[in-house]
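Student: Chains as they are written, first to last, in the working numbering: chain G, 9 to 379; chain E, 24 to 203; chain D, 4 to 188.
In short, the hints are calculated from the structure, not lab data. Just so you know, these numbers come straight off a predicted model, no measurement behind them. Possibly wrong hints are sitting among the right ones.
Claimed, not checked - Below, a list of computed lysine-lysine pairs in the DSSO-like style, where the Cα atoms sit at most 30 Å apart:
1) Lys31(D) / Lys94(D)
2) Lys31(D) / Lys283(G)
3) Lys164(D) / Lys97(E)
4) Lys164(D) / Lys94(D)
5) Lys189(G) / Lys237(G)
6) Lys179(G) / Lys237(G)
7) Lys350(G) / Lys176(G)
8) Lys47(D) / Lys19(D)
9) Lys283(G) / Lys237(G)
10) Lys350(G) / Lys133(D)
11) Lys92(D) / Lys17(D)
12) Lys31(D) / Lys17(D)
13) Lys97(E) / Lys47(D)
14) Lys133(D) / Lys148(D)
15) Lys350(G) / Lys97(E)
16) Lys161(E) / Lys145(G)
17) Lys47(D) / Lys212(G)
18) Lys176(G) / Lys189(G)
19) Lys189(G) / Lys179(G)
20) Lys237(G) / Lys47(D)
21) Lys237(G) / Lys31(D)
22) Lys145(G) / Lys179(G)
23) Lys31(G) / Lys133(D)
24) Lys97(E) / Lys157(E)
25) Lys97(E) / Lys31(G)
26) Lys47(D) / Lys350(G)
27) Lys145(G) / Lys293(G)
28) Lys203(G) / Lys237(G)
29) Lys31(D) / Lys293(G)
30) Lys145(G) / Lys157(E)
What the hints assert, rightly or not - Away from chain D, derived, C-beta distances all over 12 Å, residues of chain G:
31) Ala12
32) Ala138
33) Phe161
34) Leu181
35) Val183
36) Lys189
37) Asp190
38) Leu264
39) Pro295
40) Glu357
Here a beta-carbon is modelled for each residue, glycine too, at the ideal position from N, C-alpha and C.
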Amino acid sequence: MSKALTIFLGPQHPGAPGNVAFKLVLDGERVVDIDLIPGFLHRGFEKMMEYRRWDMDLVMCPRICVEDPDHVELSYTHAMEQIFDIEPPEKAKYIRVIIAEFSRLASHLLWMMHFAGPIAARYATSWAIAAREEILKWFDYVTGHRIYHHYIFPGGVRWNIPGDFEEKTLKVLKVIEPLIKDLDRGFFHHPIFIKRAQGVGRLKASDAIRLGATGPNLRGSGVQYDLRKSLRYDAYGEIDFEIPHGEYGDAYDRALVRLREMYTSIYIIRQALEKMPYEGPYRWKLPPTLPIGEGIGRVESARGEFVAHIISAPSNPLSRSLTPYRIKFRGPTMPHLTTILKHIVANEEITVADLPILIGSLDPCPPDIDR
Amino acid sequence: MAEAKMNKRFSFTNWVRSRSLWMIHYCSACGAIELPPNMMAPLDLERWGVMPAPSPRQSDVIVIMGYVTKKTLKVLLRLYHQMPEPRYVLVGCNCPATGGLYWDSYSTIKAIDEFLPVDVWVPGCMPRAEDWLKGFLKLREKIGDGRIECPRPIEDLGELEEWIYREVKMREELMRSERG
Amino acid sequence: MSFNDELVSLLPPKYKGRLSITGSNTGKRLELYIDPCDVRSILKAVYDAGYNHFIGITVVDYPMENVFELVYLLSSIERNGELLAIRTKIKRDEPFIDSVADIYPLAYYQEIEGYEFFGIIFRGHNGLRKWILLDNWEGPPPLRKDIDTRQIVLEIFYGGKRYERPRQWRSLGGYSGLERGGENE
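Model the full structure from these sequences, guided by the hints.
Tutor: Laid out in structure tokens, this is it:
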């Protein structure tokens, strides 16, 4: 006979995935209900973006999802290009693919830190962060900044790539691949990790679709759905790759999907480097005023589907405007931490010790919810 | 130890405190992305004695890693008042210093200086991993040379929640009424 | 993309001819304009037709025409990620519309956002509250076009003018702290 106990997994906690709070209702050791308390990272992006010009808005975009900033820029750029009704040049499409895949790799390596850290596998964290350093140095070499690149711009990419781009990129891949293979053998097939992660947080395919899951969480349950293959945006139509997916839908499958995505990313980057045209324009210049229109940009970010919905309308009957009328972002973390977590906790036996593995395997990025 | 002895205000406690700073494990905002390279592979902060501690009762320094919203400010003030003396504050990124990129946001605090006594500022958006390291080293120097007075004189607060609400909201009222 | 016959057959006869294809690249979508009283029946029909992946609700404020426009974004996984946008307009003075949170579970949280940022009341929703803006903002819903948040922030923090440093009542530490002898490195 035990009473229900309400505790807070508050914002300051080594097991919280960033600056969010959860309200847990416990019955003994088992978690009965979980509620999300967001708002610690709310800056009011959608209102601030209505006061700035459309090219200044791009500077604010990567700060919406800190761990995977290029896909936010990419979705904003797709929506803007639909409003302007242009297509970027071929060279820019391949460069965008390479940048997006490196950003996905870096984000998965940072996910390793949030996932392996709370279960005290610190060796895997160190290897993952060491591999991520190589990728951040590569970003510094191509775009000028390590984290917030502002490189993908409506019309193409912002600057041309340097002369020794191909050999430097292949060198970075040569350094990273053995580290990922070490992680594969040393962590993902470790018996302690398998025992802790298998069977935790099972999510069936039909429930995942109904609750709005996207990205590796959906693919871990067996659904073969990837926006890179369905919508074939940028240069993904000319590159062939396989979509990794799991079958059972527990935390172990979701972790394995992300590991296989890392290998797939390296494969895609190698193909894009071969097929890219090295001569040609890299950006079309766009006029400073926005035409009237509407654009929806959907991309497959490291965590799922990122949607940017931009509406450009005149704010008074006489002007063409410089600023967009309304921008709405929907990040992939909103369904993962609200509906899916509630569903898993209500239907499966989740104890307090399983909670870091469960939240880590869903890979949340808290600024996505609050913007 | 030789160069420390030449300083007039050398004290053994300050020297020892500066060599073992425990920070609260709280990734409060953007700048937290450049702290993993500091904690782990390339720039190992543990060689300088810095370790993330899980609870504020066992830590010396609170690191504010980026913009501070009004909701986070409540948490930060609570954490700061739970830390035992001597305690230090290290602030990074442009946003808590002068407002930064979110200068016209309705929910961020533009100057954290009014609420917490700051010891070291690390500028940038965002500061590179080496800049965070330099911030920690500067804090170490300042403590070791005795340039920070601890405990700091702070006014008598009374109930913590009331004080937070009083400070933030009444300040807004005063500024609004002052403008007319 | 072509018209979805299953979807057309499940719609009530009033809307059968009103589907249209717009957009390009990743924004290519089917669009449907409906009246706000039919929201629940249309969304139920659309769910049965296979569009069961909910993306979001975009609310746009048009103060000149005195309407709020809501755009429900849905996608279908079995039809390879096809996007469907359902648009309605509600009056700005009486912003009431039915809630679809029992058909699509994710709409529960998107409707909380519509309430706290715009002030739209969803009938049948039992949890409308300030969720993200809880301690962050006191006042009218901030994303409406007649609330000028930039001017409010300038008056509170900057003394009313642009291009000024934020006004501080006091400075605990920092440049006016306990350092002596100009040790500002």
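Student: Between the alpha carbons of lysine 92(D) and lysine 17(D), is the straight-line distance 30 Å or under?
Tutor: It holds: about 17 Å lies between the C-alpha atoms, which stays within 30 Å.
Student: Does lysine 47(D) sit within 30 Å of lysine 97(E), going by the straight-line distance between their CA atoms?
Tutor: violated, 43 Å
Student: Holds or violated: lysine 31(D) and lysine 283(G), Cα atoms, limit 30 Å.
Tutor: Holds: lysine 31(D) and lysine 283(G) sit about 27 Å apart, inside 30 Å.
Student: Quick check for students: does the CB of leucine 181(G) sit more than 12 Å from each CB in chain D?
Tutor: holds, 28 Å
Student: Between lysine 350(G) and lysine 133(D), does the CA-CA distance stay at or below 30 Å?
Tutor: Since the Cα atoms of lysine 350(G) and lysine 133(D) sit roughly 20 Å apart, the hinted pair holds (cutoff 30 Å).
Student: What's the verdict on lysine 31(D) and lysine 293(G), does the C-alpha distance respect the 30 Å limit or exceed it?
Tutor: Holds: lysine 31(D) and lysine 293(G) sit about 24 Å apart, inside 30 Å.
Student: Take the C-alpha atoms of lysine 145(G) and lysine 179(G), compute the straight-line distance between them, and say whether it is at most 30 Å.
Tutor: Given that 30 Å is the threshold and the Cα spacing comes to 12 Å, the pair holds.
Student: For the pair supplied as a hint, lysine 237(G) and lysine 47(D), is the alpha-carbon distance within the 30 Å limit?
Tutor: Cα-Cα ~28 Å, so holds.
Student: Hinted pair, alpha-carbon criterion (30 Å max): lysine 47(D), lysine 19(D). Please report holds or violated.
Tutor: holds, 15 Å
Student: Has the given pair, lysine 145(G) with lysine 293(G), been kept, meaning a C-alpha gap of at most 30 Å?
Tutor: holds, 29 Å
Student: If you draw a straight line from the CA of lysine 237(G) to the CA of lysine 31(D), is it 30 Å or shorter?
Tutor: Roughly 15 Å between the alpha carbons, so the hint for lysine 237(G) and lysine 31(D) holds.
Student: Hinted pair, alpha-carbon criterion (30 Å max): lysine 97(E), lysine 157(E). Please report holds or violated.
Tutor: OK: lysine 97(E) and lysine 157(E) at ~28 Å, within 30 Å.
Hint violations for this structure: numbers 4, 7, 13 and 28, all remaining hints satisfied.
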